[in-house]
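Protein chains: 2
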Amino acid sequence: MPQPHPLDAMLQLQPQPDGSFVAHTHAGYANMVGPYGGATAALLLHSVLQHPDCLGQPLSLTVNFAGPVQDGAMHLVPRAVRTNRSTQHWVVELRQTNASGQEEITTTATVVTAVRRATFSADAVAAPTVPAAADCPSVDVRRAMTWLQRYDWRAISGNLPSVWDDSLHPTQSQLWVRDEPPRPLDFASLAALCDVFFPRVWLRRARIVPAGTVSFTVYFHADSAQLAAQGSAHVLGQADAQALRNGFFDQTAQIWDTQGQLLATSHQIVYYKE
Amino acid sequence: MPQPHPLDAMLQLQPQPDGSFVAHTHAGYANMVGPYGGATAALLLHSVLQHPDCLGQPLSLTVNFAGPVQDGAMHLVPRAVRTNRSTQHWVVELRQTNASGQEEITTTATVVTAVRRATFSADAVAAPTVPAAADCPSVDVRRAMTWLQRYDWRAISGNLPSVWDDSLHPTQSQLWVRDEPPRPLDFASLAALCDVFFPRVWLRRARIVPAGTVSFTVYFHADSAQLAAQGSAHVLGQADAQALRNGFFDQTAQIWDTQGQLLATSHQIVYYKE
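Residue numbers (full-length UniProt numbering), protein chains in the order written: chain A, 1 to 274; chain B, 1 to 274.
The set of hints was computed from the structure by calculation and includes no laboratory data. Keep in mind that this is a model prediction, so the values were computed, not measured. Cβ atoms here follow ideal geometry from the backbone N, Cα and C, with glycine treated the same way. Please note: incorrect hints may appear among the correct ones.
As the list claims (entries may be wrong) - Here are the simulated EDC-like pairs of lysine to aspartate or glutamate, each with C-alpha atoms no more than 20 Å apart in a straight line:
1) A:K273 with A:D165
2) A:K273 with A:D240
3) B:K273 with B:D123
4) A:K273 with B:D223
5) B:K273 with B:D165
6) B:K273 with B:D240
7) B:K273 with A:D165
8) A:K273 with B:D123
9) A:K273 with A:D166
10) B:K273 with A:D223
Stated by the list, open to error - So these bits of chain A aren't anywhere near chain B, every CB distance computed over 12 Å:
11) H24
12) L148
13) D166
14) V177
15) T258
The whole structure should be built from the sequences, with the hints applied where relevant.
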């Protein structure tokens with residue numbers, strides 16, 4: 001029997017009688033400590049989308065990384081707080097049992113789903129003109145942290161500095177990226193893709209300092225038809241920062257499909273040390 | 001006895017024995033239906049900052065407008081879900097009693113507060129070069145919706161179209177704005193200022209369509225010292241959109257102080273009809 005894709009294995013939810021779910025971290029998405037934050041964000045979104053009461057498709061997702069997620073079992077508690085005619089509002093908690101045997105909240109999320117209708121539509125920012133993914137150098141991640149190996153990376157610009165010399169740099173990066181092994185794009189994998197960019201402070205300063213996302217938001221512009229059309233091809237990602245200030249910087253990101261149509265836009269505020 | 005500023009009147013909270021608060025909508029911030037969303041966002045943030053357990057200063061705020069807020073009493077229920085050494089995570093519910101006498105959730109928020117330490121700091125986007133507020137034309141809002149009269153507006157660019165002719169326009173606006181009457185800037189008023197921009201879809205299409213914010217996020221780059229230095233002077237605001245798609249558009253915004261230093265960056269996803 002073929003193994004499921006690591007993302008699908010990670011997203012396996014065991015429904016509980018009270019409407020919550022149990023899931024487990026997956027070794028394939030391991031970060032330095034605990035799982036890759038984008039995978040956790042995908043899981044929180046997925047718990048809403050899998051809920052029998054869920055209506056529509058994702059419109060927005062905000063994930064707050066309140067404390068470290070430990071490897072092992074996770075308790076996902078999605079709650080529909082309001083259902084309107086065309087939107088639905090969810091609050092989600094990710095809880096883990098700590099050493100004292102008590103459940104504590106490691107992560108919270110809010111999710112809005114919506115039933116969308118065709119209207120006037122236009123992208124107000126154009127995709128940057130860049131070489132095709134096949135013409136961009138592949139990034140060798142074979143010796144990198146495990147979660148980085150879950151993606152196929154094609155570098156365009158604003159790559160990791162080759163010399164860490166404390167010189168100052170612009171904060172924008174562009175790259176092509178897809179799941180590895182390839183996997184048809186869906187809302188969960190798109191949410192995870194919005195978080196793949198290395199910390200902007202590393203680029204700005206050509207210096208590696210400890211950093212971790214505190215709050216992460218995704219606005220979904222794509223519907224399931226656009227995701228299906230994209231399939232497992234590389235998406236184009238661009239990330240930048242607006243301010244680095246006293247321990248926290250912001251990151252803005254755009255994800256375009258192969259046709260140059262926005263799939264999602266994303267924002268996060270990130271802790272950094274020094 | 002002098003009247004309090006309308007914002008301070010709106011932010012008056014009555015502590016309840018269970019740690020929640022009761023507040024009331026204020027006629028000075030009336031929108032077409034219910035209160036101005038920025039005022040509601042300010043109130044949700046304020047309920048956390050006034051909570052006796054609150055540590056540090058605001059870092060991020062996400063407000064989800066789940067249903068209409070009715071004029072009258074509001075029940076604010078902030079809950080600290082996790083307190084770390086330097087960050088604290090809050091979930092807040094705004095509830096109102098409906099016609100059936102039951103409490104229902106109209107609005108949810110998540111707030112992260114942080115104790116910040118001095119580090120390497122740099123703005124990665126420069127404030128645009130614009131004329132001083134005193135040299136920009138004042139916008140006459142005497143006949144506009146009430147909440148618009150709570151601000152003093154100085155137009156720079158990307159103003160409301162003078163002709164609504166369905167012609168297509170860029171989506172960026174720049175303006176100077178401050179509370180009216182003047183009021184020293186604080187975190188609550190800064191949160192409200194992040195939401196003052198008219199819907200980007202009106203500008204893009206030179207057409208007024210129904211629109212309303214669904215989810216709104218503010219990242220605070222300023223600390224209380226920077227707010228105090230700004231006092232009651234006009235702040236510089238800039239707003240833009242990235243995508244308008246099937247009933248929802250996103251809006252990005254930056255708020256700078258008089259010195260051109262970022263105070264906050266903000267994002268929202270907004271419903272629109274047609």
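Which earlier hints can't be squared with this structure?
-> 3, 7, 13
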